[in-house]
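Take the given structure of chain A and dock chain B to it, following the hints.
Protein chains: 2
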Amino acid sequence: MKFVCNRSTLQNGISVVQKSITGKSSLPILNGILITAAENELTLVGSDIDLSIETKVNAEVYEEGSIVLDSKIFGEIIRKLPNDNIHINTINSNSVEILCQKSRFTLIYMDPLDFPPLPNINENDMFSIPQKILKNMIKSTIFAVAVDETRPILTGVLFEIKNKKLNLVALDGYRLALKSENLDTDNTISAVIPGKTLNEVSKILEEKDNVKITFTPNHILFNINKTKIISRILEGEFIKYNSIIPNEFNLKVTAKRIELLNSIERASLMAQAENTNLIKLNIEDENMIITSNSQLGMVREETSIILQGESLEIAFNSKYLIDVLKTMEEDEIVMDFSSSISPCIIRNKEIDNCIYLVLPVRLSKK
Amino acid sequence: MKFVCNRSTLQNGISVVQKSITGKSSLPILNGILITAAENELTLVGSDIDLSIETKVNAEVYEEGSIVLDSKIFGEIIRKLPNDNIHINTINSNSVEILCQKSRFTLIYMDPLDFPPLPNINENDMFSIPQKILKNMIKSTIFAVAVDETRPILTGVLFEIKNKKLNLVALDGYRLALKSENLDTDNTISAVIPGKTLNEVSKILEEKDNVKITFTPNHILFNINKTKIISRILEGEFIKYNSIIPNEFNLKVTAKRIELLNSIERASLMAQAENTNLIKLNIEDENMIITSNSQLGMVREETSIILQGESLEIAFNSKYLIDVLKTMEEDEIVMDFSSSISPCIIRNKEIDNCIYLVLPVRLSKK
Chain A
81 MKFVCNRSTL
91 QNGISVVQKS
101 ITGKSSLPIL
111 NGILITAAEN
121 ELTLVGSDID
131 LSIETKVNAE
141 VYEEGSIVLD
151 SKIFGEIIRK
161 LPNDNIHINT
171 INSNSVEILC
181 QKSRFTLIYM
191 DPLDFPPLPN
201 INENDMFSIP
211 QKILKNMIKS
221 TIFAVAVDET
231 RPILTGVLFE
241 IKNKKLNLVA
251 LDGYRLALKS
261 ENLDTDNTIS
271 AVIPGKTLNE
281 VSKILEEKDN
291 VKITFTPNHI
301 LFNINKTKII
311 SRILEGEFIK
321 YNSIIPNEFN
331 LKVTAKRIEL
341 LNSIERASLM
351 AQAENTNLIK
361 LNIEDENMII
371 TSNSQLGMVR
381 EETSIILQGE
391 SLEIAFNSKY
401 LIDVLKTMEE
411 DEIVMDFSSS
421 ISPCIIRNKE
431 IDNCIYLVLP
441 VRLSKK
Chain B
81 MKFVCNRSTL
91 QNGISVVQKS
101 ITGKSSLPIL
111 NGILITAAEN
121 ELTLVGSDID
131 LSIETKVNAE
141 VYEEGSIVLD
151 SKIFGEIIRK
161 LPNDNIHINT
171 INSNSVEILC
181 QKSRFTLIYM
191 DPLDFPPLPN
201 INENDMFSIP
211 QKILKNMIKS
221 TIFAVAVDET
231 RPILTGVLFE
241 IKNKKLNLVA
251 LDGYRLALKS
261 ENLDTDNTIS
271 AVIPGKTLNE
281 VSKILEEKDN
291 VKITFTPNHI
301 LFNINKTKII
311 SRILEGEFIK
321 YNSIIPNEFN
331 LKVTAKRIEL
341 LNSIERASLM
351 AQAENTNLIK
361 LNIEDENMII
371 TSNSQLGMVR
381 EETSIILQGE
391 SLEIAFNSKY
401 LIDVLKTMEE
411 DEIVMDFSSS
421 ISPCIIRNKE
431 IDNCIYLVLP
441 VRLSKK
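Protein sequence lines, in the order shown, are assigned to chains A and B. Just so you know, our numbering puts 218 at position 138 of the first sequence, and the rest follows in order with no gaps. Just so you know, our numbering puts 117 at position 37 of the second sequence, and the rest follows in order with no gaps.
So here's chain A without its partners, still in its complex pose (with noise of 0.2 Å):
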């Protein structure tokens, strides 16, 4: 094998596939990057069995071949390099010559054929959907996977096509996201892609340009440009999430949605000094107030609303209100609630894409 390749070109190949390298791999192979050189292009494929990515950069092939480098060394090595063409070439059957300027580096490789194949996936029938878009959706949802592995199904995000839309879903048993996008394709799919491969592709994800989804009964392939991504989908049922979102409410609260984050953040404060980040929420006529107490003081918040319906006191745990705030991206935002047992639904005031739930913390009785 023999190829010249432009540094900045081959790094970004190598920085895209190493994010499907988690470096814990008890297999040293999957420590690597496998690169074939063919037709004057690089193929570079990495993989941790769950997720696989396989990206292709421009390079003057002199000899054709296939060898296996371990991904930090030979990252960190051409991260180093100064930014000139790079010769590499096989120079023995266990090792590889990098030459750049007055650098010379001889690295061994392992054997090619060690390394697992991809997937076979059939690509004839995909959907094709903005990346920007996708982008949006993943940072939308991820944030409400469950972290705890008890029930691994909650670890992933929905991915649900039916009437010409797009749902993504995420829920841990104490909040629940859900953004929903049209598209153009009359699938029906339902597949549960875990969280950390999102989290890869979501870094991988551009501006512009569409990326495009074919599902297999085990596999998902994100096709984004030159690179492929390649993940598992995870077994079993996800939670019937439409029986869980209540239709039905007592009040309807309309609020500005970076002053209510930053009163629940402050307010916050109080109730993470003792971990328990517990705040209550009194709404009545134009007002919130938000309290909380702790050992070491206690804090009260105001903030400017129009009220629907009754009034109510409810608690909740501040982190996943922040975390919904935080995310949502429109000035102006509508909760609905129903009891102060009851789980409270966030949404936009504009454009019905997103439905956040969250349920109260129920307060004992004084």
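Any given hint could turn out to be false.
No copy is singled out in the list; a pair is fine if it fits within one copy or between any two copies.
[Claimed, not checked] Taking lysine to any residue pairs in the SDA-like style, the calculated list, with each CA pair at most 25 Å apart, reads:
1. 152 x 392
2. 320 x 387
3. 242 x 412
4. 152 x 378
5. 152 x 228
6. 332 x 322
7. 212 x 167
8. 399 x 159
9. 406 x 159
These aren't lab readings, by the way, just hints derived from the structure by calculation.
Structure of chain B alone, referenced to chain A:
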């Protein structure tokens, strides 16, 4: 106590004194900030005994008094409040009220009489140096202090005033850093200041104006505008560093600093893979060849130099050379060597105000 203070003014003051509060003290009072309101000025004090910081900020004082507030929660509250005037007043013998727009906090305060008094320092005998220069001197030496505490004196930086010069010296048994600047004083002083104190001092020092320094037998006082920083001086004798620095050499190498730094950083990638950091320098004619190898492979770097004297082969822990080359500022540097087992001296080519010494690694004969 009752006063009104602008939020950002108060926040700046808090962030200065917080640099002395570790949050790890077993004395709860040392997690607090002492706030004294008098004569249209607030005095804020933080302390961890070893290091105390006092600063003053403007305020409208309506009722004089003193309280101690938990540094973390008070700091967070002030940071999160809107940028407006903040009204603070005690409401009973153990609570203070913090009001700003529609926010109201009530905080428990601690007894100011429990706060340890600052050491009494006679400020008559002080010398003055531009903040920017002292900041640079600290940065140029502090990286060489010992991290392990087996010889506590080496965890500090020597402040030595003699012959109208201020010398800062740090050493850890493997390398030494010495930076000197002219100082208009006839005093002779030698005191060792804890490295962690100087880290905090360095963060407070700005680009303009002077800092005034006063020594007492046990303390050093830095006066920076409205801020006083008082640090304990380490007990014990510093090593007679002059006797360590050799004066005669067999070869002198002139090199481009950044080019050499980049070569060494790349060479050390291999060495890092095995945690040895071991690199070998072959100095001959117009080239320095830098090599390193590990189980993963090997590297050969070449950098142009001007050599006066014999050729030499010598090995180093690359980290020590990298630390020095990163800290230095001139484009061209000079390295003096005697033999493969004698220390190497690194200094600027032009300005004679710093000396770095690095011990080589003795290679076992093969």
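> For the identical chains here, do residue 399 and residue 159 meet the 25 Å Cα criterion within one copy, between copies, both, or neither?
Replying inline: between (39 Å within a copy, 18 Å between copies)
> Are the CA atoms of residue 152 and residue 378 at most 25 Å apart within a copy, between copies, both, or neither?
Replying inline: between (50 Å within a copy, 15 Å between copies)
>> One pair to classify: residue 320 and residue 387, alpha carbons no more than 25 Å apart. Within, between, both, or neither?
In response: Classified as neither; 31 Å inside a copy, 76 Å across copies.
> How would you label the pair residue 242, residue 412 (within, between, both, or neither) given a Cα cut-off of 25 Å?
Replying inline: Neither, since 29 Å and 67 Å both go past 25 Å.
> Within a copy, between copies, both or neither: where do residue 406 and residue 159 come within 25 Å Cα-Cα?
Replying inline: Intra 35 Å, inter 18 Å, cutoff 25 Å: inter-copy only.
>> I want to check one pair: residue 332 and residue 322. Are their C-alpha atoms no more than 25 Å apart within a copy, between two copies, both, or neither?
In response: Within one copy only: 20 Å inside a chain, 77 Å across chains, cut-off 25 Å.
> Between residue 212 and residue 167, at a C-alpha cutoff of 25 Å, which is it: within one copy, between copies, both, or neither?
Replying inline: neither (36 Å within a copy, 45 Å between copies)
> For the identical chains here, do residue 152 and residue 392 meet the 25 Å Cα criterion within one copy, between copies, both, or neither?
Replying inline: neither (56 Å within a copy, 33 Å between copies)
> Can you tell me if residue 152 and residue 228 fall within 25 Å by alpha carbon in one copy, between copies, both or neither?
Replying inline: neither (29 Å within a copy, 29 Å between copies)
Hints 1, 2, 3, 5, 7 from the list above are not met by this structure, while the remaining hints are.
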